[in-house]
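**Student:** Each chain is listed here by its residues.
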Amino acid sequence: ETGVTQTPRHLVMGMTNKKSLKCEQHLGHNAMYWYKQSAKKPLELMFVYSLEERVENNSVPSRFSPECPNSSHLFLHLHTLQPEDSALYLCASSPSRIQPQHFGDGTRLSIL
Amino acid sequence: GNSVTQMEGPVTLSEEAFLTINCTYTATGYPSLFWYVQYPGEGLQLLLKATKADDKGSNKGFEATYRKETTSFHLEKGSVQVSDSAVYFCALVGGGADGLTFGKGTHLIIQP
Numbered sequence: 259e260t261g262v263t264q265t266p267r268h269l270v271m272g273m274t275n276k277k278s279l280k281c282e283q284h285l286g287h288n289a290m291y292w293y294k295q296s297a298k299k300p301l302e303l304m305f306v307y308s309l310e311e312r313v314e315n316n317s318v319p320s321r322f323s324p325e326c327p328n329s330s331h332l333f334l335h336l337h338t339l340q341p342e343d344s345a346l347y348l349c350a351s352s353p354s355r356i357q358p359q360h361f362g363d364g365t366r367l368s369i370l
Numbered sequence: 587g588n589s590v591t592q593m594e595g596p597v598t599l600s601e602e603a604f605l606t607i608n609c610t611y612t613a614t615g616y617p618s619l620f621w622y623v624q625y626p627g628e629g630l631q632l633l634l635k636a637t638k639a640d641d642k643g644s645n646k647g648f649e650a651t652y653r654k655e656t657t658s659f660h661l662e663k664g665s666v667q668v669s670d671s672a673v674y675f676c677a678l679v680g681g682g683a684d685g686l687t688f689g690k691g692t693h694l695i696i697q698p
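From first to last, the protein sequence lines are chains A and B.
According to the numbering used here, the first sequence holds residues 259 to 370 in order.
According to the numbering used here, the second sequence holds residues 587 to 698 in order.
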């Protein structure tokens with residue numbers, strides 16, 4: 259039990275589909291993050307939310323749209339993705355933005 | 587900006603061998619340093635951390651010392667086990683940036 263739960267664990271979708279990834283934490287943390295992990299590449303920070311407010315967007319394409327309705331939930335809405343978007347998407351949370359992060363087990367996304 | 591450089595591997599060792607995984611970093615100010623471990627099919631888990639110069643982080647037999655003069659945070663273990671086989675990530679937070687900056691990860695394989 260990591261304290262950070264991601265669903266689904268695996269997702270296969272076509273390029274024209276719309277889907278959402280969900281992340282939930284009940285650790286009482288105030289910051290939440292989305293990362294992309296691709297083979298042979300460093301972990302890429304996509305989005306940072308602090309107290310439900312987006313504080314960083316690292317030049318992520320608009321086909322990825324985050325949503326943080328409250329401090330316990332974080333979503334990543336996906337639409338018209340490309341094959342190069344196939345990756346493991348990791349969610350993390352931390353008490354504040356300068357403290358260690360706790361990760362979920364990720365969603366393995368495959369784009370057909 | 588911040589950056590982390592670590593040996594990529596794969597690093598293959600025999601059980602009970604001594605392990606060193608090198609990590610060096612570039613950051614402004616005084617970042618906090620971390621080692622994360624990722625077992626197959628799972629997210630990242632915090633292994634150990636150090637928040638200031640000369641601090642030594644330790645956990646599960648692993649150790650790393652925050653060396654500001656050499657900007658390094660090398661991971662060591664005196665006697666590795668097959669169960670230590672995983673991908674190890676060096677990371678930092680601070681230096682004016684949000685979220686963690688990761689190295690590319692080192693794949694460690696321990697053979698019986």
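Don't read these hints as lab results, they were simulated from the structure.
Nothing here was measured: the structure is a model prediction, and the numbers come from that model.
For every residue, glycine included, the Cβ atom is placed at its ideal position computed from N, Cα and C.
Treat the hints loosely; a few may be bogus.
[To be verified] Taking lysine-lysine and the DSSO-like style, the derived pairs with C-alpha atoms no more than 27 Å apart in a straight line are:
| no. | chain 1 | residue 1 | chain 2 | residue 2 |
| --- | --- | --- | --- | --- |
| 1 | B | Lys646 | B | Lys663 |
| 2 | B | Lys690 | A | Lys280 |
| 3 | A | Lys280 | A | Lys299 |
| 4 | B | Lys690 | B | Lys638 |
| 5 | B | Lys654 | B | Lys642 |
| 6 | B | Lys638 | B | Lys654 |
| 7 | B | Lys663 | B | Lys642 |
| 8 | B | Lys663 | A | Lys298 |
| 9 | B | Lys663 | A | Lys277 |
| 10 | B | Lys690 | B | Lys646 |
| 11 | A | Lys299 | A | Lys277 |
| 12 | A | Lys298 | B | Lys690 |
| 13 | B | Lys654 | B | Lys690 |
| 14 | A | Lys299 | A | Lys276 |
| 15 | B | Lys646 | A | Lys276 |
[To be verified] Cβ-Cβ distance ranges computed for the label pairs, FRET-style:
| no. | chain 1 | residue 1 | chain 2 | residue 2 | range |
| --- | --- | --- | --- | --- | --- |
| 16 | A | Met273 | B | Ser669 | 26 to 34 Å |
| 17 | A | Pro353 | B | Glu602 | 22 to 30 Å |
| 18 | A | Ser278 | B | Ala603 | 39 to 47 Å |
| 19 | A | His335 | B | Gly627 | 39 to 47 Å |
| 20 | B | Gly627 | A | Val313 | 29 to 37 Å |
| 21 | B | Glu662 | A | Ser296 | 38 to 46 Å |
| 22 | A | Lys276 | B | Glu601 | 28 to 36 Å |
| 23 | B | Phe604 | A | Ser330 | 18 to 26 Å |
| 24 | B | Glu602 | A | His331 | 18 to 26 Å |
**Student:** Evaluate each hint against the coordinates.
**Tutor:** Outcome of the hint check:
1. B/Lys646 / B/Lys663: 9 Å, holds
2. B/Lys690 / A/Lys280: 25 Å, holds
3. A/Lys280 / A/Lys299: Holds, at roughly 23 Å.
4. B/Lys690 / B/Lys638: Within the cut-off at roughly 23 Å; holds.
5. B/Lys654 / B/Lys642: With a Cα-Cα distance of about 12 Å, the restraint between B/Lys654 and B/Lys642 holds, given a limit of 27 Å.
6. B/Lys638 / B/Lys654: Judged against 27 Å, a Cα distance of about 8 Å means the pair holds.
7. B/Lys663 / B/Lys642: Status holds; Cα separation ~13 Å.
8. B/Lys663 / A/Lys298: Holds, because 25 Å separates the two Cα atoms, which is no more than 27 Å.
9. B/Lys663 / A/Lys277: 43 Å, violated
10. B/Lys690 / B/Lys646: 22 Å, holds
11. A/Lys299 / A/Lys277: 24 Å, holds
12. A/Lys298 / B/Lys690: 8 Å, holds
13. B/Lys654 / B/Lys690: 21 Å, holds
14. A/Lys299 / A/Lys276: 26 Å, holds
15. B/Lys646 / A/Lys276: It is violated: about 42 Å lies between the C-alpha atoms, which goes past 27 Å.
16. A/Met273 / B/Ser669: 26 to 34 Å: For B/Ser669 against A/Met273, whose Cβ atoms are near 40 Å apart, the range 26 to 34 Å is violated.
17. A/Pro353 / B/Glu602: 22 to 30 Å: Since A/Pro353 and B/Glu602 have Cβ atoms about 38 Å apart, the given range 22 to 30 Å is violated.
18. A/Ser278 / B/Ala603: 39 to 47 Å: 45 Å, holds
19. A/His335 / B/Gly627: 39 to 47 Å: With Cβ atoms ~25 Å apart, the hint is violated.
20. B/Gly627 / A/Val313: 29 to 37 Å: 31 Å, holds
21. B/Glu662 / A/Ser296: 38 to 46 Å: 29 Å Cβ-Cβ, so the 38 to 46 Å window is violated.
22. A/Lys276 / B/Glu601: 28 to 36 Å: The hint (28 to 36 Å, Cβ to Cβ) is violated, given that A/Lys276 and B/Glu601 are roughly 48 Å apart.
23. B/Phe604 / A/Ser330: 18 to 26 Å: Since B/Phe604 and A/Ser330 have Cβ atoms about 43 Å apart, the given range 18 to 26 Å is violated.
24. B/Glu602 / A/His331: 18 to 26 Å: For B/Glu602 and A/His331 the Cβ distance comes to about 45 Å; the hint is violated.
Violated hints, in rising order: 9, 15, 16, 17, 19, 21, 22, 23 and 24; the structure is consistent with all others.
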